[in-house]
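Peer 1: So the chains spell out like this:
Number of protein chains: 4
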Amino acid sequence: MFVSIVGATGYGGLELIRILNNHPQFKIKSLHTSSQFGRSLHEENAHLMHMKDKLEKIDPEAIAKHSDIVFLATPSGVSSRLISEFSDLDIKVIDLSGDLRLQTPGEYEYWYKKPAAPKPIIEEAVYGLSEWNAKAIKKSNIVANPGCYPTASLLGLAPLYTEGLAGAASDVVIDAKSGVSGAGKSPSAVTHFSEMNENFKIYKVNQHQHIPEIEQQLGRWSPGMQPIQPITFNTHLVPMTRGIMATMYIKVDRQTSSEELVDLYKTVYEDHPFVRVQPLAQFPSTKQVYGSNFCDVGVAHDERTGKVTVVSVIDNLMKGAAGQAIQNANLLMGLEETAGLWNSPLYP
Amino acid sequence: MFVSIVGATGYGGLELIRILNNHPQFKIKSLHTSSQFGRSLHEENAHLMHMKDKLEKIDPEAIAKHSDIVFLATPSGVSSRLISEFSDLDIKVIDLSGDLRLQTPGEYEYWYKKPAAPKPIIEEAVYGLSEWNAKAIKKSNIVANPGCYPTASLLGLAPLYTEGLAGAASDVVIDAKSGVSGAGKSPSAVTHFSEMNENFKIYKVNQHQHIPEIEQQLGRWSPGMQPIQPITFNTHLVPMTRGIMATMYIKVDRQTSSEELVDLYKTVYEDHPFVRVQPLAQFPSTKQVYGSNFCDVGVAHDERTGKVTVVSVIDNLMKGAAGQAIQNANLLMGLEETAGLWNSPLYP
Amino acid sequence: MFVSIVGATGYGGLELIRILNNHPQFKIKSLHTSSQFGRSLHEENAHLMHMKDKLEKIDPEAIAKHSDIVFLATPSGVSSRLISEFSDLDIKVIDLSGDLRLQTPGEYEYWYKKPAAPKPIIEEAVYGLSEWNAKAIKKSNIVANPGCYPTASLLGLAPLYTEGLAGAASDVVIDAKSGVSGAGKSPSAVTHFSEMNENFKIYKVNQHQHIPEIEQQLGRWSPGMQPIQPITFNTHLVPMTRGIMATMYIKVDRQTSSEELVDLYKTVYEDHPFVRVQPLAQFPSTKQVYGSNFCDVGVAHDERTGKVTVVSVIDNLMKGAAGQAIQNANLLMGLEETAGLWNSPLYP
Amino acid sequence: MFVSIVGATGYGGLELIRILNNHPQFKIKSLHTSSQFGRSLHEENAHLMHMKDKLEKIDPEAIAKHSDIVFLATPSGVSSRLISEFSDLDIKVIDLSGDLRLQTPGEYEYWYKKPAAPKPIIEEAVYGLSEWNAKAIKKSNIVANPGCYPTASLLGLAPLYTEGLAGAASDVVIDAKSGVSGAGKSPSAVTHFSEMNENFKIYKVNQHQHIPEIEQQLGRWSPGMQPIQPITFNTHLVPMTRGIMATMYIKVDRQTSSEELVDLYKTVYEDHPFVRVQPLAQFPSTKQVYGSNFCDVGVAHDERTGKVTVVSVIDNLMKGAAGQAIQNANLLMGLEETAGLWNSPLYP
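Chains A, B, C and D, in that order, are what the protein sequence lines are.
Residue numbers for the first sequence follow numbering that gives the first Met the number 0, beginning at 0 and rising by one.
Residue numbers for the second sequence follow numbering that gives the first Met the number 0, beginning at 0 and rising by one.
Residue numbers for the third sequence follow numbering that gives the first Met the number 0, beginning at 0 and rising by one.
Residue numbers for the fourth sequence follow numbering that gives the first Met the number 0, beginning at 0 and rising by one.
None of these hints come from the bench; they were simulated from the model.
Among these hints, one or two may not hold up.
The list cannot tell twin chains apart, which means a pair is met if one copy fits it or any two copies do.
[What the hints assert, rightly or not] Simulated pairs of lysine-lysine, BS3-like, Cα-Cα distance not exceeding 25 Å:
| # | residue 1 | residue 2 |
| --- | --- | --- |
| 1 | K203 | K112 |
| 2 | K184 | K203 |
| 3 | K118 | K137 |
| 4 | K265 | K203 |
| 5 | K51 | K265 |
| 6 | K265 | K53 |
| 7 | K91 | K64 |
Can you build the whole structure from these sequences, using the hints too?
Peer 2: Here it is as structure tokens:
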């Protein structure tokens with residue numbers, strides 16, 4: 000099966016290339032970029048010196064002719080324009096941007112400060128949280144690949160909602176931390192090495208655009224699918240390249256224990272090979288999923304406060320972006336969910 | 000004035016030496032260690048190659064004869080033993096360990112898993128949160144220097160409590176992050192470079208011994224000084240050497256706004272040069288206090304959730320340990336609070 | 000084909016496991032350790048939580064019965080003892096330690112301060128620098144896998160020697176730098192995070208045990224295979240986990256130019272997919288081979304000094320250890336040299 | 000005494016501010032910048048939130064009226080223009096750029112690719128390697144503050160030249176490594192955190208503009224002050240913020256030993272408090288001078304090769320830039336050489 004990538008030279012695009020180079024069924028057919036077309040991929044990417052691929056212009060019709068799937072690894076605001084051009088063509092689209100994730104255009108415009116994608120396309124798009132939406136993904140033509148923070152947060156919170164321990168009225172605090180690659184490839188003062196190294200920063204305090212994405216999905220899991228109470232959500236930059244940890248605090252609706260919670264999580268994720276639930280009293284570090292598609296989750300009940308602590312880690316470029324996109328592509332095409340993704344984390 | 004340090008070769012002791020080398024009034028009289036006495040300080044501390052000091056045995060009587068103040072930069076469990084030997088002697092003691100911070104011996108023994116210090120000594124010890132306890136510190140003989148996390152947390156939360164926005168029943172979540180020097184100088188698997196680099200870890204989930212210290216102090220600030228609701232408090236290791244950030248979420252008891260909060264914080268800390276309150280909508284990073292005694296605080300009201308977000312940063316070895324110890328020594332001795340501590344942060 | 004690993008829990012052993020998990024022909028049959036047998040592999044290796052393997056005692060006869068190859072990922076001094084037990088059994092051995100690399104026992108004992116392996120075994124062992132010794136490796140029973148620094152250095156210098164630009168009398172300076180994982184998994188003061196982070200260290204000045212290994216191999220490439228002039232070789236620790244760079248300065252024996260050198264290197268390595276020669280005036284960084292088996296080489300002639308500068312980078316745990324070991328295993332077993340190793344570097 | 004800084008917002012300027020804030024005799028009179036004038040210093044420098052200073056336009060006449068010394072912390076090419084405006088005014092100038100260091104304009108233009116400063120100014124400028132040129136500095140009006148790499152290299156090599164072990168014909172290899180702050184404050188692809196973190200890079204291979212500066216100074220120390228043989232000099236970026244190590248290899252002109260060399264270095268630097276010579280068989284790491292004005296040097300004779308290894312470390316922003324500039328200002332003004340600079344390194 001042939002796939003193409005639009006936005007091949009950003010970190011998301013490069014990670015797709017890395018995975019696809021070892022994928023048993025998918026073959027990269029073409030790589031596209033709005034700015035560097037005509038050049039060789041390896042020119043500004045010395046790590047890919049062994050590859051001969053050229054970068055091409057973005058030509059949806061040509062892409063649709065030779066590829067089964069196109070990945071849009073383009074920034075928010077760009078995807079929504081491209082998606083319209085692809086939507087009439089015979090090709091599956093997986094969009095890694097935030098453009099198709101929010102079902103309410105007004106919400107998108109409020110949080111992203113940009114025009115929303117056309118309503119029919121938003122409605123056609125399926126939210127690609129692979130472990131929880133596989134049925135819909137398999138039948139879809141357009142997948143809205145989840146954000147990195149929502150992936151970590153939602154995989155960590157899901158069992159509480161689906162098993163009835165939390166609901167629309169629950170008080171949820173998500174304190175999230177990310178490696179710097181989440182900020183993308185463009186140099187800036189914030190990500191300048193001498194500023195970011197040996198530093199820990201908070202950013203977009205109470206205003207991150209992933210807030211409505213998490214709330215929307217939690218709402219779907221709540222009884223009656225009603226809108227949930229606003230969540231508290233903050234994000235920090237860690238002086239490292241890859242990795243996200245979401246540390247989450249939730250007041251649950253009934254008595255429970257750490258033992259019960261670990262059992263419940265293990266049961267829920269039994270058939271989901273990419274979610275690894277930690278044993279009782281153990282919690283994950285970001286490095287234990289480095290370069291892999293795993294999401295590792297630890298959970299505990301704090302008897303003093305009655306709150307549940309959930310700790311969830313992913314590699315932001317893998318399960319948080321390109322890895323989950325390939326996982327969704329596998330689902331779309333009826334392949335093994337783990338095809339091309341079953342590598343162990345790089346360690347140390 | 001002469002000072003001595005017991006536990007001179009740990010990170011706390013070395014930081015005291017660094018500060019004291021430039022202090023206008025204090026002069027190091029002697030350096031003590033339980034294990035390396037007889038050797039020269041610089042032998043295992045190449046950064047102090049310009050110093051000639053020898054390391055000596057711990058001899059409280061001799062120390063009390065030649066020094067006005069002794070700093071105990073010793074681990075919890077060791078300080079409580081030493082403190083008894085110093086308490087009858089004519090010398091002021093500043094203890095950097097956790098041994099004298101908790102007023103209830105049972106609490107200490109529950110959280111530290113060690114025997115508590117003698118009750119009379121605990122009662123004599125004054126909690127050395129300099130900005131909030133200066134009067135008592137000035138008259139004391141024994142100062143219990145606060146923990147690193149409590150310092151960052153309490154300086155960030157104090158105005159909410161003292162100004163009546165929060166109280167004993169408030170729901171408080173503190174998500175704290177620390178550089179690795181907080182784990183001390185002894186090598187371990189957790190702090191092995193290849194394990195900790197490019198990694199973000201959570202540790203002691205819901206069980207950190209700084210929890211009761213924070214709760215005790217918040218209780219003192221609450222109306223009626225009643226015990227407060229258990230707080231949620233967690234700690235993480237950041238792949239950097241120095242710096243602590245406490246990100247805090249509090250449901251406050253009345254309507255407020257970010258503008259009001261910033262003003263209130265600025266007023267509260269007006270005469271406290273080491274606490275720098277950020278302008279509206281700005282939040283601190285750990286690096287902006289690197290190597291300094293500042294505590295920088297940003298505060299905002301989240302209109303969606305009604306919660307207040309407080310972000311507080313310190314250098315864990317300075318304001319979080321040795322710096323605050325010197326600040327307390329300055330208070331004890333009637334010096335300028337800032338003597339020897341008024342250096343700008345190292346940047347970048 | 001079945002393989003086993005002795006010393007499975009060190010960084011070399013874990014990296015072998017990571018590669019083998021995705022190898023198309025090799026299957027891990029058993030994992031062995033002298034200290035942790037009886038436990039599950041994932042117990043102290045959370046990144047391998049998805050694996051069920053048990054750690055077993057070291058039993059050469061049992062291993063030889065069920066495996067075609069055994070990897071000894073054991074420290075120097077341990078391998079030499081184990082190797083004797085395996086040498087009479089029907090199994091191929093690939094030793095990752097330094098025990099079988101030096102042909103002269105006296106040299107080994109001088110540099111390693113340990114007794115050398117038995118002479119017949121040393122003589123049987125083939126030096127596993129895959130690109131330069133493939134013929135001998137294919138026919139061997141025992142492979143002495145090269146050291147990390149020698150691999151980077153020798154792949155960078157080889158063309159100068161084999162093409163007659165350098166020889167036994169050449170003045171060679173190798174200034175090498177390594178990520179900290181090269182120092183192994185045991186915590187120590189040197190590799191304690193707070194000591195090593197934001198630090199750059201030199202170690203074993205003029206005394207690294209890889210010196211004789213490099214000299215021995217350069218001697219084999221020199222005309223008449225005569226012993227070469229002592230080389231200058233030093234090693235540094237970089238505050239990063241993975242990666243080696245060898246920066247090398249050689250006075251060559253005839254006039255040349257950067258253009259000629261790049262062409263010459265490209266020709267020499269044309270059929271060696273893991274060695275990627277940089278274009279003219281470009282030089283590699285360590286990150287461009289991260290997690291991969293590539294060795295990237297840049298070369299230039301300095302017209303001012305008449306010296307040649309060669310810059311060679313590898314991932315020390317891959318091409319510098321486990322990766323090359325698998326490459327040698329592929330050669331031994333008649334597989335594609337790249338089997339299981341053809342992944343792109345992790346980037347960024 | 001009053002001082003002003005032109006180029007106050009770059010890393011060199013900010014480091015001058017940090018030092019001057021604690022200097023016993025110098026007081027900052029004004030801060031100047033070509034782009035951000037009119038703003039407050041702390042606006043983009045949160046670490047200086049406790050300072051009230053404004054940034055002003057560059058007005059040489061006004062500066063000369065109120066200040067005794069002006070520091071030019073401006074880029075190469077800018078200083079040479081400014082210097083002419085200051086040279087007729089009654090003010091001492093210390094230039095941190097490379098514009099006044101090379102005595103031959105043609106050399107400057109070849110290496111810097113820019114027009115040289117006016118010949119009379121170049122001739123008036125004194126090379127500010129404090130330990131070796133104090134007499135001339137004390138009498139000068141214009142100081143050319145040395146480059147960071149030349150400072151580390153020259154302090155490490157000087158004794159070999161001045162004591163007759165090396166000379167114009169010596170073969171010198173300098174392999175230098177720097178923290179990333181040496182690349183300045185402007186974000187770029189090279190210094191983007193995700194690119195530079197966990198990476199080790201070589202740059203400007205054989206072409207660094209500090210080469211002629213080192214050669215010029217070595218020539219002055221050589222017998223007859225003749226031009227020396229071209230040196231081999233290369234530079235690397237280390238994933239850390241501060242610190243330079245120069246590892247140097249020199250064939251010396253007579254028999255020697257490590258013992259003799261260490262003694263000789265100790266004697267040479269006996270009265271120079273900022274140069275700390277390591278004991279026999281010990282070598283410095285960059286962190287042991289972090290944030291200080293020390294240059295630590297280790298030296299050894301390699302009996303195998305007959306070469307001398309010198310390892311020299313500095314903090315590139317201190318002894319390599321702002322620290323040495325203040326040291327030179329102290330000399331200029333007849334103060335203690337160590338005034339305002341005698342702080343211990345930040346550790347860990």
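Peer 1: Now look at each hint and say whether the structure bears it out.
Peer 2: How the hints compare with the structure:
1. For a Cα distance limit of 25 Å, the shortest separation of K203 from K112 inside one copy, 14 Å, qualifies, whereas the shortest one across copies, 40 Å, does not.
2. Within a single copy, K184 and K203 get their C-alpha atoms as close as 19 Å, and across copies as close as 23 Å, so both meet the 25 Å cut-off.
3. In this assembly of identical chains, K118 and K137 lie within 25 Å of each other by CA distance solely inside one copy; the values are 22 Å within and 63 Å between copies.
4. Taking the shortest alpha-carbon separations for K265 and K203, only the inter-copy value of 22 Å comes in at or below 25 Å, while the best intra-copy value is 34 Å.
5. Taking the closest pair of Cα atoms, K51 and K265 come within 25 Å of each other only across two copies (16 Å); inside a single copy the shortest separation is 44 Å, beyond that limit.
6. For the homomeric pair K265 and K53, the shortest alpha-carbon distance between copies (21 Å) is at most 25 Å, but the shortest distance inside one copy (45 Å) is not.
7. Taking the shortest Cα distances, K91 and K64 sit within 25 Å of each other inside one copy (12 Å), while across copies they are farther apart (50 Å).
Checked against the numbered hints listed earlier, the structure breaks none of them; every hint is satisfied.
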